[in-house]
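Trainee: Next come the chains, spelled out residue by residue.
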Amino acid sequence: MSENILKELTLKIWRQKDAKSKGRFETYKIHNISTDTSFLEMLDILNEQLVVESKETIAFDHDCREGICGMCSLFINGRAHGPDDEVTTCQLHMRRFKDGETITIEPWRSGAFPVVKDLIVDRKAFEKILQAGGYVSVNTGGVPDANSIPIANDKAEEAMDAAACIGCGACAATCKNSSAMLFVAAKVSQLALLPQGKIEAARRAKAMVAKMDELGFGNCTNTGACESECPKQISISHIARLNREFLKAKLQD
Amino acid sequence: MSNFLTSSIGKKVIMSISGLFLIAFLIVHLSLNLLLIFDNSGELFNIGAHFMATNPIIKVVEPVLALGFVVHIILATILTIQNMKARPVGYARSEQSNNASWASRNMFILGGLILIFLVIHLYNFWLNIKLPELGTPLEITTVDGVEMENAYLMVSSLFKNSVFFCMLYVLAAIFLGLHLSHGFWSCFQSVGFSNKIWRKRLEWVGYLFAIVIGVGFAIIPLYFLAGFAG
Ligand code: HEM
Ligand code: SF4
Ligand code: FES
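Residue numbers (the numbering used here), protein chains in the order written: chain A, 386 to 638; chain B, 8 to 237.
Since the hints were derived computationally from the structure, they do not count as laboratory data.
Quick reminder that beta carbons are idealized off the backbone N, C-alpha and C, glycines included.
Any given hint could be a false lead.
If you only want the chain B side, here are some residues facing chain A, beta carbon under 10 Å, derived [what the hints assert, rightly or not]:
| no. | residue |
| --- | --- |
| 1 | PHE11 |
| 2 | ILE85 |
| 3 | GLU102 |
| 4 | ASN105 |
| 5 | ASN106 |
| 6 | PRO139 |
| 7 | PHE171 |
| 8 | VAL198 |
Excised from the complex, chain B in its bound form:
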């Protein structure tokens, strides 16, 4: 496996694996979050969040997830810098829109926007749960006799009280959807899992997945903003 990591394809393979890993995380994250809009009492979401916070498997996965993000971002930066250097003199006129999708040409920008959102997102929620000394500690609620943090109250009050944050979260969902509209099929291509037939299938599943993720995450703040949660 000598110099696998320094080769272009090797880096892309790692990029792809980290991307797939982040995709798996998104599926779990969205499924859980949708509990927010299926139960206005907040009990379902609180049970879900409590389960995630106390489950030993999740405890192990959390640092791996963080590593996944770090690897993805570092490699994305290295690849992007190398790619910019590969064309020291640019074209005076370039009509790229004719031959490649906008998302595929702007993965780094989309990723960067997602990263900015990620920082704000962690500050909004994660900080209050993990480092209550630095944020606002969560209230305690009791569901079926079990004491737990009222994560539902934290999320719903942010969205009910701030149009700005609602819009920010909707925008981030759109960026994530666009990132995935190229990223999904791309990570299969990068590990060589594609041919003439599978490419069409992967592209379609990718578009579908991008829409599910984009709409799925966007719908949550909009639900609270529209007053459906009371």
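For reference, chain A alone in the conformation it holds in the complex:
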């Protein structure tokens, strides 16, 4: 792909001093951006420009910048992680934008993900859900020998698919109901499918769903928006499994 230059872009970016302040959109112009630049690099360039102008830089989350940690977020032009499917914001490139375009950049919007500053939101809610049951509570020794615990191939594959979730929050951010079901389903599925996690499956499903509700995430209405924005292609079939696991657990009570 040949390099091209975007001569001018208009950026409408959400600025908010801290959790308590009222935020607002600020408009910035940025010039001569290569289409090979990543979206976050483009924001870096904008921040350097702001430093030169002695203005406060824009705060945004990022870490690995290679699509594996789940730190980057951003609602770009009305879509979680921007216009591409199946990628995180750090993997998004400026070739997806046109010269002269106005790009709207907002933080994740969800009552359970309060804004900390500018584009950074607090995603501790996901950690709290994990702490409620997203683990196996036995102290294991070393790594077991290969094949000592037989697991059917399709189970292993599905568990691996669910384990791909990086906890980015795009599912809840994009869902019209702010539902965290895809995230919770991925975690419940991953463990319920494997023999080590199966033992606690009932307790886990109940505890994680209760925590998710308590934190103020909405109710899933099966629109499927989460799955189409998930950078790791977690399927809502996992939500069906979570519903099953939860029902089974409640019927056992």
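Using the hints provided, position chain B with the ligands relative to the given structure of chain A.
Mentor: Then chain B with the ligands, alone, in the frame of chain A:
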């Protein structure tokens, strides 16, 4: 089963069961109504309506049906309010059409429109049958020596004489079809009956069912409006 009903999934399960129940009702309702356009003398429909009005099983099911509607509507309202509250600050720009069907994003609006229609619909027909003091009592007709109310006359004269009501009923059928284009597969997903393979099947059966229900109900007023019944 403690706090099942207050949990998000618990509410969805009840929503799903009430939805399935309403689906079952629609199948019976449409089958019976189609008799309206298969026999212009009206005898078949009158026999069907008389059977439904006198059958003891139907007498028991009727209040359960009403309860099904009430549960469905109350839970839909609770879920929708909670879901709106879950995002106190909205997005300035949101391109939802990219990732979820229009019907799935507007279930409450579609349901609300269906509810408005339902009130008018009950006023049009149900009131005259159940509370004739308040409406227009039905004429009595005799089919095969059995005296019964002429429900056919009531329905056919409404549709023959009012383009407005015909259009209203067609519109309601479309809303119902749209509601079901998402609702059908959704109620299986909500009780956990879905996986990668079944999801495709349920979605297709759902679309087919939505079309059958939408077209099936819409065709009836159009048949009378077009003058096919004479
Ligand atoms: C004959 C009439 C109706 C039928 C057959 C019907 C059927 C269904 C079905 C099958 C679902 C899917 C349930 C699920 O996702 O688990 C559903 C969802 C829904 N219905 Fe209805 N419905 C009807 C009337 C109404 C009315 C009158 C309203 C309300 C005001 C309504 C509001 C809703 C809402 C908001 C949902 C989405 C809730 C959710 O997905 O969680 N419906 N309906
Ligand atoms: S399910 Fe997908 S969108 Fe949701 S947190 Fe996990 S990786 Fe992100
Ligand atoms: S910064 Fe790690 S996934 Fe984007």
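Trainee: Now tell me if each hint is right for this structure.
Mentor: For each hint, the structure was consulted:
1. PHE11: At 5 Å from the nearest chain A Cβ, B:PHE11 passes the 10 Å test, so the hint holds.
2. ILE85: For B:ILE85, the interface hint holds, since the closest Cβ of chain A sits about 9 Å away, which is under 10 Å.
3. GLU102: holds, 3 Å
4. ASN105: Status holds, d = 6 Å.
5. ASN106: holds, 4 Å
6. PRO139: Violated. Min distance 41 Å.
7. PHE171: violated, 33 Å
8. VAL198: With a minimum Cβ separation of about 6 Å from chain A (threshold 10 Å), the hint on B:VAL198 holds.
When each numbered hint is compared with the structure, violations occur for hints 6 and 7.
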